[in-house]
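So in this note's numbering, spot 234 of the sequence shown is number 753, and the numbers just go up one at a time.
Hint data in this document are derived by calculation from the structure and do not stem from the laboratory. No residue lacks a Cβ here, since even glycine has one placed at the ideal position from N, Cα and C. Check before you lean on any hint, since a few could be wrong.
[To be verified] Simulated crosslink set (DSS-like; lysine-lysine; CA at most 30 angstroms straight-line):
(1) 738 / 633
(2) 758 / 629
(3) 694 / 758
(4) 657 / 586
(5) 738 / 707
(6) 763 / 816
(7) 657 / 629
(8) 707 / 608
(9) 657 / 778
(10) 633 / 816
(11) 758 / 778
(12) 816 / 778
[Claimed, not checked] Derived Cβ-Cβ restraints for the label pairs, each shown as a range:
(13) 787 / 734: 37 to 47 angstroms
(14) 587 / 769: 15 to 25 angstroms
(15) 666 / 616: 43 to 53 angstroms
(16) 770 / 591: 18 to 28 angstroms
(17) 717 / 608: 16 to 26 angstroms
(18) 591 / 787: 27 to 37 angstroms
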Amino acid sequence: MVKKFQSEIQNKDSEIVQLEQQIQEANQKRVKLEKNLKLRGLSMKESEGAAGENGLFSLDLSPDLFKSAVETAYRAIHDFSKPLINMMKAAGWDLDAAANSIEPNITYAKRAHKKYAFESHICQRMFIGFQDESFSMKLDNPVETKESFFQQYLALREMDPLDAVGQSPDSVFGKFCQSKYLVVVHQKMEASFFGNLDQRNYVTGGGHPRTAFYQAFLKLAKSIWLLHRLAHSFDPSVKIFQVKRDTEFSEVYMESVVKNFIIEDGDQKPRVGLMVMPGFWIGGSVIQSQVYLTGVKVAE
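Let's have the full structure, built from the sequences with the hints guiding it.
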């Protein structure tokens, strides 16, 4: 009987040791993941909710998920252009001249279509460096894995971007927001909007202003950052392509932002005036670039 009890005790001790080893291994994995996220972006808070059993994520990495992220990014560009244009109006800007300075000598079917020049301005600057895994950021630890890109996507996906940069102002995402703000909002533009460069100086110094204008920009920055994290989660990575001005319109690779257009000259295909959103190759599929066409009229 004593031997039986001793045997059971030994078995229990062995089980306890195994459980302790499993707990230790789990803690080591968690610490490693948390360190990885902090180095590259954010905290564990959102990734905890996104991760399921055995480290599997409840959200599937798929072309449809990426396409949805592209649509979100395009809406974000459009949404940020509104306060940008409103600030220009309030500062007394000549919007016609401003649109012409972005892309000279574009023939617009309607005067209201000049808004696409400002969307193009935002787009061109936000997507600089997109194809690079680093997004043209100087990183202390540039080595990334496909899994880490997806973890970063999941970590930020449901977070308010102001909360994200507030928790980790010096994170890679925080630095991305700062660097992109400085190239999208020109120094002269900001001076005319606010009468000073206080906000710009604050951003340059590593801060994140809590102004309504900067918060609107953070929403845009988040959508582009998420799209980049997602693009590099795929193996191979999603490829971006951009359309140059005066390129002949192709229904395969492009979609017109103006839907009800009529071709002026039936023998000549319309040409690209502005690229408002780049296109992407994902696997064997194409996500069309969004373009504004010249040489067309709008059906009333």
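Practice task
Could you check the structure against the hints above and give me the numbers of any it violates, in ascending order?
Solution key: Per hint list: 2, 7, 9 violated.
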